[in-house]
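Given chain A, work out where chain B should sit, using these hints.
Sequences listed follow chains A and B, in order.
Using the numbering used here, the letters of the first sequence map in sequence onto residues -10 to 321.
Using the numbering used here, the letters of the second sequence map in sequence onto residues 83 to 405.
There may be inaccurate statements among the hints.
[Said to hold, decoys possible] Listing some non-contacts, in silico: residues in chain B with all C-beta distances to chain A over 12 angstroms: (1) 126; (2) 157; (3) 178; (4) 203; (5) 306; (6) 346; (7) 392; (8) 398.
[What the hints assert, rightly or not] Straight-line C-alpha distance at most 30 angstroms; calculated DSSO-like pairs for lysine-lysine: (9) A:18 x A:266; (10) B:125 x A:128; (11) A:128 x A:186; (12) B:254 x B:274; (13) A:186 x A:156; (14) A:123 x B:125; (15) A:18 x A:123; (16) A:156 x B:125; (17) A:186 x A:176.
Just so you know, these hints were derived from the structure itself, not from any lab.
Glycine included, every Cβ here is placed at the ideal spot set by N, Cα and C.
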Amino acid sequence: MALTNLPQQLLRDLHEKMFLIRAVEERIKVEYASRRIRGPVHLSIGQEAAAVGVLHACRQSDVCVSTHRNHAHYLAKGGSLAGMVDELFGLDTGCCKGYGGSMHLMDLNANLILSSAILAGSIPIASGIAFALKNEGTKRVCIGFLGDGATDEGVFFETLNLAALMKLPLLFVVENNAISTMTTFSKRQAVPDVVGKAERFGVRGMTVDGNDVLSVYHAAQDILQGMRQTHEPFVLETVTDRLCAHVGPIVYPSGIGADDTLQSRWMREPMLILNEKLRSEFPDQLDASLARERNLRESVDQVFIRGAQRFDADALRLQLPAAPPAQDVRRV
Amino acid sequence: MLSFGEALAYATKQAMEHDARVFAYGEGINDPGGFFGSTAGLKEAFSEARCFDVPNSEDALMGFGIGASLMGYRPLFVNLRVEFLMLAMNQLVNHAARLPAMSGYQYTIPLTVRAIVGKSWGQAAQHSSALHSMFANIPDLQVVVPSSVEDAPRLLLASILSDAPTVFIEIKSLYDCKALVHLPIEPLPLGKAHVVRQGSDITCVAISDMVGFAQRVSEQLVADGIEAEVLDLRSLAPLDSAAILNSVSKTKRLAVFDIGWEPFGLAAEVARIVSTSAYHRLDAPLLSIARRHEHTPASCFLEEQHYANEEHAANSIRALVRG
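In isolation and in its complexed conformation, chain A is listed as follows (with noise of 0.2 angstroms):
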């Protein structure tokens, strides 16, 4: 599709919502070492093109699940940024209320319902999820992220066949880093081919380039509407880079990964090939982009720096309940 074509609006949107991402994850990073955010945290740097690219084509009603990895799942779906870094610091106010943590950011007003730290733990909660959507009669979907790590699980394939089986509006979108924690894909897949799979379960699926947000976008945006039509599931593969380590905030370990270095990824990582398209199609929006992300950083700023000051008021006043409130509950 020729770029030119491709209404402003929508490049602008793209690119407040993956930088916004980068923005606070970079500021995490920072966060760490004041020993405000105590717990792991598994960085999405460098693959949040797959988050922003489906959850920017998807509708605010459709219901997402997500992973450990899973801050880019949480902004791209609307989550409330305040609720996730007084998550991160073990605040009440967090959209957990402290119980969750980094690797299971919720928003219920956001329709992100759960995300899960054991690999492809929320794969199977997805199809009961779908389900519901579809008993609905709505044309409402859900998706459910993973990485290539969990194709390895069996749990994937039983979700396959029991998606494909009962016709669910399932999507599943695979971020394929062809990593897990250290260990590459070929080195725990004979035929590390989740497309090729998925089809031979009855699932139909595509494979796209997930550093570029904008091919991601396209693809999802054809998918969903497909899917509201046909109520089957689908599986899009996007090929992305993790820059990070698996957890915490450092640099990513040299001599892992193999075939290609960790420069050599920073060079098609996602916000570069976003920011080129900016500046080649619409040259005279330099200084409005520039002024937007110096606006998001100073707000995303603005969140830490008010989560810090609770953390330090607040941390030693946080008690939990006498009893956990079982029943005082309310449902999605």
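Frame of chain A; chain B shown alone:
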């Protein structure tokens, strides 16, 4: 008169009539046998949309139920043998039990999981194990262990209506029983034990088909002038600790009748409750009646020795009470 299976089917039907968000699913749920009659007639009454057969994928199916629960449904996942839940432990323990807490208790998982313990008739090691203690160790997971045809449908209805994830454990031996069941089914409160026999000499804490076992043992003891109190816990989580302490404060003696193994089992938990209470000293050592801590043998000759024996239990209580 309803059989155990018919009573469960009645309770399920009543739950499905009461609430359109209740649905049932399981491997072979609509087979002619209908899970020993416990799911018979559901498909006919509510169509396959609300009572459906599924692939042999326990892990995925448990997650499926959790997902539907998150969207407000009240799924009933039926399993023919409790051992198959081992294939779904990641979803049951890491997700069903934990997601409410991980969300800061912003939502519930009103999922009920039925599972049958196949006791005797050569079921062998993989079709007759009682795993309730394993489940009851997990926070926020309810574990219900009905003991009779009268109680089971009332507890099942309560489980389905409850907002918490619940494992409902049925022992196959109860499927041979019939009883008069009051209709419509009234749900029982979960976590309330039931004194099925009053007595002053010893408290017999029991679950599942060991309640009937303890009752029969108690009748044998009457001739010896021993009056045993039999307490049916009905559920392990929540557990009615107050009822145990209340009975023990009267009898000062305690026997625990479990369908499972002793190590880290029901007797250990009841002993913890009683011994950590400063006001409930026992006059005699705790007596534990359970199956041998071994994997169930298939042979009918060996199987008989594996399970607890009523005669032996009665003798042990006689010795305990006479001091």
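Hint-by-hint comparison with the structure:
Every C-beta of chain A lies more than 12 angstroms from that of residue 126 of chain B, the closest at about 20 angstroms, which supports listing it as non-interface. The beta carbon of residue 157 of chain B is not kept farther than 12 angstroms from every beta carbon of chain A, the shortest such distance being approximately 8 angstroms. A Cβ of chain A approaches the Cβ of residue 178 of chain B within 12 angstroms, the least distance being about 9 angstroms, so the stated non-interface status is violated. Once the 12 angstroms rule is applied to beta carbons, residue 203 of chain B is consistent with being away from chain A; the minimum gap is 31 angstroms.
At roughly 43 angstroms from the closest C-beta of chain A, the C-beta of residue 306 of chain B stays outside 12 angstroms, upholding its exclusion from the interface. The beta carbon of residue 346 of chain B is kept farther than 12 angstroms from every beta carbon of chain A, the shortest such distance being approximately 23 angstroms. The beta carbon of residue 392 of chain B sits about 38 angstroms from the closest Cβ of chain A, which is more than 12 angstroms, so the claim that it is off the interface holds. Consistency note on residue 398 of chain B: stated as away from chain A, and its beta-carbon is indeed over 12 angstroms from all of that chain's, at 37 angstroms minimum.
Of the supplied pair hints, the one linking residue 18 of chain A and residue 266 of chain A holds, its CA atoms being roughly 28 angstroms apart against a limit of 30 angstroms. Between residue 125 of chain B and residue 128 of chain A, the direct Cα distance comes to roughly 27 angstroms. Compliance with the 30 angstroms bound is thereby established for this hinted pair. For the proposed pair residue 128 of chain A and residue 186 of chain A, the alpha carbon gap of about 27 angstroms is at most 30 angstroms, so the pair holds. For the hint linking residue 254 of chain B to residue 274 of chain B, the alpha-carbon distance of about 23 angstroms falls within 30 angstroms, and the restraint holds.
In summary, the hint linking residue 186 of chain A to residue 156 of chain A is supported, as the alpha carbons are separated by about 17 angstroms, within the 30 angstroms threshold. Of the supplied pair hints, the one linking residue 123 of chain A and residue 125 of chain B holds, its CA atoms being roughly 20 angstroms apart against a limit of 30 angstroms. Under the criterion of a C-alpha separation no larger than 30 angstroms, the hint pairing residue 18 of chain A with residue 123 of chain A is inconsistent with the structure, at around 41 angstroms. Our distance criterion of 30 angstroms between C-alpha atoms is met by residue 156 of chain A and residue 125 of chain B, whose separation comes to about 20 angstroms.
Note on residue 186 of chain A and residue 176 of chain A: the hinted pairing holds, with a Cα-Cα distance of about 17 angstroms set against a maximum of 30 angstroms.
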